[in-house]
Structure formats: C-alpha cells, structure tokens
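Working from the sequences, and respecting the hints, build out all of it.
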Amino acid sequence: MIDFELSEEQQMIRDSVGAFAREEIRPAARPADESGTIPAALIAKAWQFGFVSGAIPEKFGGGDARSAVTGAIVAEELGFGDISIALHVLAPRLFAFPIVEMGTDDQRAKYLKRFAGPDFAAATAAVMEPRFDFDLSAQQVSAKRDGAGYVLNGGKCYVPLAAESDSILVYAATDASKGFAGVDGFIVPRGAAGVTISEREKNMGLKALATYELTFKDCRVGADARLGGDKGIDFSRLMSESRVAFAAMGVGVMNAAFEYARDYAKERKAFGVPIATKQAIAFILADMAIEIDAARLLVWEAAYKLDKGGDALKESYLAKNYVSQSALKVTDNGVQVLGGHGYIREHPVEMWLRDARGFSAIDGIATV
Amino acid sequence: MIDFELEPQILSRLQMFHAVSEHMMRPISRDCDEHEHTKPTKFYESMWQASAAADIQVGNDRSKKADGAAASAPRRANLMTVLSTEELCWGDAGLYLSTPNSGLGGAAVMAAGTPEQKERFLKRFKEGKPKWGAMAITEPSFGSDSSQVTTTATRDGDHWVINGTKIFCTAGEMAAEKSEGFVVVWATVDKSAGRPGIKPFVVEHNTPGMTVARVENKLGIRASDTAALIFDNCRIPLDALLGSAEVRKEGGFKDVMATFDATRPIVAAMAIGVGRAALDFVRDFLKDQKVAIRYGISPRRLTAVERDFMEMEVQLQAARLLTWRAAWMLDTGKRNSLEASMAKAKAGLAVTLITQKAVELLGPLGYSRKILVEKWMRDAKINDIFEGTQQINMIIIARRILNYSSKELN
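These protein sequence lines are chains Z and S, in that order. Residues 1 to 368 in our numbering are what the first sequence spells out, letter by letter. Residues 1001 to 1410 in our numbering are what the second sequence spells out, letter by letter.
Don't read these hints as lab results, they were simulated from the structure. Where a beta carbon is used, it is the ideal one built from N, C-alpha and C, also for glycine. Check each hint, because a few of them may be wrong.
Straight-line C-alpha distance at most 20 angstroms; calculated SDA-like pairs for lysine to any residue [stated by the list, open to error]: (1) Z:Lys278 with S:Ile1401; (2) Z:Lys266 with S:Ile1401; (3) Z:Lys308 with S:Leu1011; (4) Z:Lys308 with S:Ser1406; (5) Z:Lys178 with S:Gly1296; (6) Z:Lys278 with S:Ser1405; (7) S:Lys1407 with S:Ala1193; (8) Z:Lys266 with S:Ser1405; (9) Z:Lys266 with S:Asn1403; (10) Z:Lys278 with S:Asp1145; (11) Z:Lys314 with S:Ala1304; (12) Z:Lys314 with S:Val1291; (13) Z:Lys266 with S:Ser1406; (14) S:Lys1407 with Z:Lys314; (15) Z:Lys278 with S:Asn1403; (16) Z:Lys278 with S:Gln1390; (17) Z:Lys314 with S:Ala1292.
Take a look, some chain Z residues computed to stay more than 10 angstroms from chain S by CB distance [said to hold, decoys possible]: (18) Glu58; (19) Met204; (20) Gly232; (21) Leu313.
Right under this line is the structure:
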C-alpha cells in the first residue's frame, strides 16, 4: 500500500543524524576539503551512531538491523553534512555488510566482531578500475583458480581508506563471460604479497576522502578468502545497494546546495530587492526543489525494492544515473545563484559542484 | 512506513480501466483526432453506462468525493483517481476529457454549493442520457490571472443577468447545448471589490442568452471540445448563484482555487498516461528491432538510443512518484499545494519532452500519422499548459519554498 511516511524510528534516525550532519559535520567540511584530513574526534563520534555496528548480527555484538530505506535516509543526511566525511565514516560498511549478507559462517565469525567494538574500524572494498568505460559487470581484475586458492591480477582505483584498512574486499572476475554472475569478492589482507597500494589519489572533489589505487600482481589468497565460499555472491545486488547509497548521498548534496542558495538569495539584494524575489532566480530554486524530491523518491523506491528482496538492478541504476545528472545540475545552479561569490572558496557551493561531478565517475564506494 | 507497492485490489481495478483504454479508446483514437468535431456518440453511451453500472469514475469528476480532497475522503480516493487517470490517458487523453460527467462544473458545485444545490445540480449525472458539466472562467483578456474576471452578473428582480465572453471551456459545447448539462460561469457582482466580488453561477443548458460562439481547433486532445461561450443578457434564477452573494465573503473563489490541489495531480497523471503510451510503444518497437536496453552497464558504453530511452523512462517514473505523493498527501489529510504543483510542473514538462523524443527515436515512422506517437506528442503538450501553466506552477513552488507571498514574488 503506497505510503510516503517514514516510520517513527526512521524519523528519529533522520532527525538525530540530520542534526549531527548540520551541527558537526558541516562546520568541518571546508577545512577537511582544504587539508584532506577529517578530525579523528568527528569520526569517533560518527561511529557512536552505530552506522556499521547496527547491521552486525547480535551474536557478534551488533544491532542486527538493516534496511536499505533506512540506509538511504542516513546516507542522505550524512551527505547533506559532507559527502567526503560521509563516505569515510561509512566506508567500513563496504567490507562488513557484504560479509553480513553473503559471507560464510566462518567469515562472519572471523571478521565481524571488530565492527561491533567502540572504536572506528577502518575497512574497505575495491570495486572501481581505472578505465574510461569501467563496467561493474565486466571486471578486468581477474581471480584465477590455482590449486587450493586464487591468484589475483589487475588494478583497482578509488579504494577508500585502503592504506589504513587491515583487510580489503576485492571484487574480481572469476569468469569474465558471465557478467555480474562471474564476479566474486575476495578478502585480501592489506599486506599480502603481490598487493601494492599507491600514494593517495588526488581528485577533483571528495578531497577529504582518502582513496588509493591498488595493484595486484600474482596475489595469492586461500579458497576461504572467497566471499560466500563456493556459493559465491550476488554481486548485482551488492552493486544495487551501493548505487542506492551513493545516490542517496547525492540527494543530500543537492539539498545542501539548495538550502544554501535559497538562504543566500533571500539575503542578497540587487536593485534594492532580494534576488529571490526575481523570477530568474526563484525559478532556478523551484527547479532545484523539484529535482531533489524527484531524486529522493527514485532512491527510496529502489531501496524499497531491495528491502523486498529483489536485486533492483534497473531501479537503482536509473536512480543513480538520475542523481548523477541532477546533482550536477543542482549544484551548478547553487554556484550560479551566488554568482561570483559562488566561485570563491569562502562559500561551500563550489565544493559541492566538484563533489557532485563524482557521481558520474564513481560506483561502489558506499553501501546501505 | 515507506511503501511503493499497489495492493492487488487496486491493480485489478486498474486492469479494468486498462481494458477500457485498450478496447474502447485506442480503436477510435486516430479517427477522433482526424475528425475533430465529430462526436463519438457510441463511446459516450458506453462510458455513461459503464460509469452508472460499475461506478467507474472517469474524467475530472470529483462530484462523488466530498470537496475534492478533505480528510473525510476515503484514504485512497485521490491515489485511485491519479492511477485510473494514468490508465485511461494511456488510452486517449482527449477521449478521457470528453467522457460524459459533471467535470470541473461539478467540482465547482461541490466546492461552493449548498447541500440543496449539490442535490439539484448533480443528481442528473446518475440518471438518463449522457450529460456534461463544464466550468467557464478564462476570458479573452486573461488566462492565468483569474482574478481579472470582467464578465458581470447584475441583479434584476428575481434574476441574475450575465454578460460577457468566456473561452477555453472544456466540454463547453456538450454542457451548454448538446446535453442536459450545465456550465458554471464565474462572473463579478461588483467590479470594484476585486476577487471577493467574483462568484460562480450555474447556467443550465440552452438558457436563452448563452450561445456557443465557436469550438476551437486545437493542436491535440481534439476529441475534447473547447468552447467559447457568449453571455448576452443571459437571465438565470437567483438560486443559481453557488454559495453566498455577499461580497465580503471570499468563500467561493478561494474554495475553487483550493480544488487545484486536487486537480493538479490529476493533470500530472494525464500527462503520465500519455507519456507511458509513448514509452510503451518505443519499448515494444525497439524490442521488435532487437535493440536491447542494457541496464547496469557502464554509462560510457550506452548507445544514444539506450541513453534516450532510459532518460524517458526515469523522467516518467520521477513524475509518477511525485504525483503519487501529492495524491497520497490529500488522502492522508496533508496540505499539498507545493507537492501538487511540483508534480504538475514536473509531469507536464517531462512528458512534453518524452513524447517529443519518442517521435525522434522512431524517425520517419514517428512523424507519420499512421501510428499514434505523433498524436501523443500533440496531446501531451496541453498538460504543460492547462490547470496552471508550467510557469504558474513554478511561481507557486517558488513562493512556498521561499515563504514569499504573491506580493513579494510575482
């Protein structure tokens, strides 16, 4: 039965995460963008919300609750604060959640406990590859069966927190002819022989998020490193979860740009009146508002399908591509409404424009 | 609790509407477009009977629902209306608008009439031959600025005397001359009073002094008649005035403006129906041509056709979700002026572009009148215009998000 109302619990989560994003993440966003570092105290505080531990099974000390819709709500609020910081504090999900959902009992027992602890536990996954036509379903990093284990070869990029994570979940093609079905995940210790981690990547936006290139050269892992064991994984679903999360953050970025531009336009005067009273500006703001709501509903619908158990490939793909375009347009409009001031780094709108451009380039660096 | 699923009862009801679209509308769709002022009387009869028998509510007929919106309405009424509207406009938006019912005239009676007036004017829609209700507000000298009514209503003994010209009256010919219907005419009883002086009057069919000056020739939705009406010393009884004659009471006008909150999602749903018709056609066509739409692959490897198709699809879905939300808000008693305008603005524009793109994607076939796609492009455009143009809705949205009055932002 069609319903657009959040549950009471979701409303509470939205309010508390929203307040945290507004009051604590946002003030830290510009310094983090300039310096490339996020205050440890802020990361620790975010950890207390249980964004990761909440989904860890009870027997490993977690909250055992996971919902893509709730995840999308959280991702949007954090993205509203700052998307780089959001991606950092949620990065451990990239490693933990696929294990929760598709790992073997041994893998769960071995890896999940640390995510229920009191301290931020860095962890990550390697999905992207540095090619213009990178395709999630056509991974070029290969994992070849070799005796009792697998041998990994190839290169990854945009791997968040790789340098500080003990283990990395690496996605690789075990059978390149099978598309999504031929992709598997492998748990690789950071220091494993054959793994090289690059210097930190330098990107246009998302500058507070530490990302790295990874190179695998005949990197050997045991058969027990394969996520889900012989059963393998549903990679398509994992990537849908990722698209929903990243798209939800995009809605948050859009909303940040909208609010800032709206407030500015009501203050800033031209020809004796606030510029927001001119249709040329007011219509831009109205269009931003429509796009934000449209994008959010598409994201929620995809999340809802995931919660119902489908792989939501089409919905999450379309929603994410929609956000790629609309976030760019909305943040660009944010800069435009501020005019010359929008171009100056004193205001955050230029940062959001740089951040938003990333949606079309990147996949697989967040999950619900 | 967030939920995007339609329950089985709703889905089976929609199948019924779909059958009406497929079997009663589509077969006569082209013919009604080519022969603009020829009436599909058999279609009217069938729809009238279906409506009486199965309580299928077609068109802008909100007479069966209390005041268009209110909290007293059943929890799904507005959602059901937008869903069925989409389904029927998938069939034919012009025929949908031409379907016999009380229309916007009925909505005005419901919004501004006394219980006695509702009974007197609306009971005809449950009996006898097909009838139409219409509403006349627009005049040659104004459109969106509906406070500029110049048509006058002057008291003369036991009568009101109406003088003026009205245009763009949907189903005006059917309501005024070709059935035992009525037209609700907005006229001012006191020009110096501005908005509060504008009142709704019910003018019965064939009242002397009311004539249909012409029926417009249009770009699309040609199955629906759009009439110009002239009122020349048209005398109507005193109790044909809906509500109160008192000028200070703003009642009537404001109430009817408020019905836009309910009608804008319906117009959005009309657009979505037309857009879905075009999208379905293109999807089937591409399938026939063995052109696959590869969801999930790298956006850099999509063909231009895939990219266009996906864009059409996601824009339509975005508009649909905004529309569902606006209707759901009415059903749950929430104020939805902002969201109704968002849905209308988004759907009107998105579907205008979707249908234009459909013609483009089909190349020489799309431009041909052999298939309906070019007609849908022409039909779609009206949704970006009536019930508040794109721009009027953008102003409404902007005022709401900026918290500005109409004086501050105009």
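Exercise for the section: For the pair we were handed, S:Lys1407 and Z:Lys314, check the Cα-Cα distance against 20 angstroms. Expected result: Roughly 45 angstroms between the alpha carbons, so the hint for S:Lys1407 and Z:Lys314 is violated.
Practice task
For the pair supplied as a hint, S:Lys1407 and S:Ala1193, confirm whether the alpha-carbon distance does not exceed 20 angstroms.
Solution key: Distance ~18 angstroms between S:Lys1407 and S:Ala1193 Cα, so the pair holds.
Practice task
Classify the label on Z:Met204 as holds or violated, using whether its beta-carbon is more than 10 angstroms from each beta-carbon of chain S.
Solution key: holds, 17 angstroms
Problem - Hinted pair Z:Lys278 and S:Gln1390, Cα distance within 20 angstroms - result: holds, 17 angstroms
Problem - Separation of Z:Leu313 from chain S, once the least beta-carbon distance is taken, above 10 angstroms - result: violated, 5 angstroms
Handout entry: Z:Lys308 paired with S:Leu1011 [C-alpha distance capped at 20 angstroms]
Key = holds, 18 angstroms
Handout entry: Given hint S:Asp1145 paired with Z:Lys278 - CA-CA distance at most 20 angstroms
Key = Given that 20 angstroms is the threshold and the Cα spacing comes to 18 angstroms, the pair holds.
Problem - Check on Z:Gly232 being off the interface with chain S, judged by Cβ distance over 10 angstroms - result: holds, 18 angstroms
Exercise for the section: Would you check the hint for Z:Lys266 and S:Ser1405, treating anything up to 20 angstroms between C-alpha atoms as holding? Expected result: holds, 13 angstroms
Exercise for the section: Take a quick look at Z:Glu58 and tell me if its Cβ sits farther than 10 angstroms from every Cβ on chain S, holds or violated. Expected result: Holds, since 23 angstroms exceeds 10 angstroms.
Practice task
Take the C-alpha atoms of Z:Lys278 and S:Ile1401, compute the straight-line distance between them, and say whether it is at most 20 angstroms.
Solution key: holds, 14 angstroms
Exercise for the section: Given the hint that Z:Lys266 pairs with S:Ile1401, test it: the Cα-Cα distance must not exceed 20 angstroms. Expected result: With a Cα-Cα distance of about 11 angstroms, the restraint between Z:Lys266 and S:Ile1401 holds, given a limit of 20 angstroms.
In terms of the numbered hints stated before, the structure departs from hints 4, 14 and 21, listed from lowest to highest.
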